[in-house]
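Okay, so the sequence shown: first residue is 688 according to our numbering, each after it adds one.
Hints are not guaranteed to be accurate.
Below, simulated DSSO-like cross-link-like pairs (lysine-lysine); rule was C-alpha separation at most 27 Å, straight line [as the list claims (entries may be wrong)]: (1) K758 <-> K781; (2) K796 <-> K758; (3) K781 <-> K796.
Hint data in this document are derived by calculation from the structure and do not stem from the laboratory.
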Amino acid sequence: MKRSNALAAAWFAVVSLPILAQQPPPQEQAQPQMPPGHPPKQALLATEGVMTSANITRGAADVHHLDDAAKVARFKEAACANFPDVPDFDGEWKLVLAQAQPTVDRFDKLRTSNPAQ
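Taking the hints into account, I'd like the entire structure generated from these sequences.
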């Protein structure tokens, strides 16, 4: 009985393969149109990369006490080279550094109020 089931499954696979091969591939869904003036997707992804890089830099400088300005400058230059699609790299970089200040202040307060933690 098991052999007949295997033969039936093999026969079904052989018969259905040409049918499946003749079917056209499913069409990709159309991308929604962005409103006028909205930046392209590449620019948005690059901006996200700049924001992440600036957060890493801020964490390295303020939380982990990386005081080497040359290393920070090299990292910023590398990020700028990696994300050329950002319309205002320096503006995004400065914005993220400013937005991270409250978090850095909380870490400093925790460090001074309870150094054991």
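For each hint, the structure was consulted:
no., hint, in the structure
1, K758 <-> K781, "holds (17 Å)"
2, K796 <-> K758, "holds (26 Å)"
3, K781 <-> K796, "holds (23 Å)"
In this structure, every one of the numbered hints holds.
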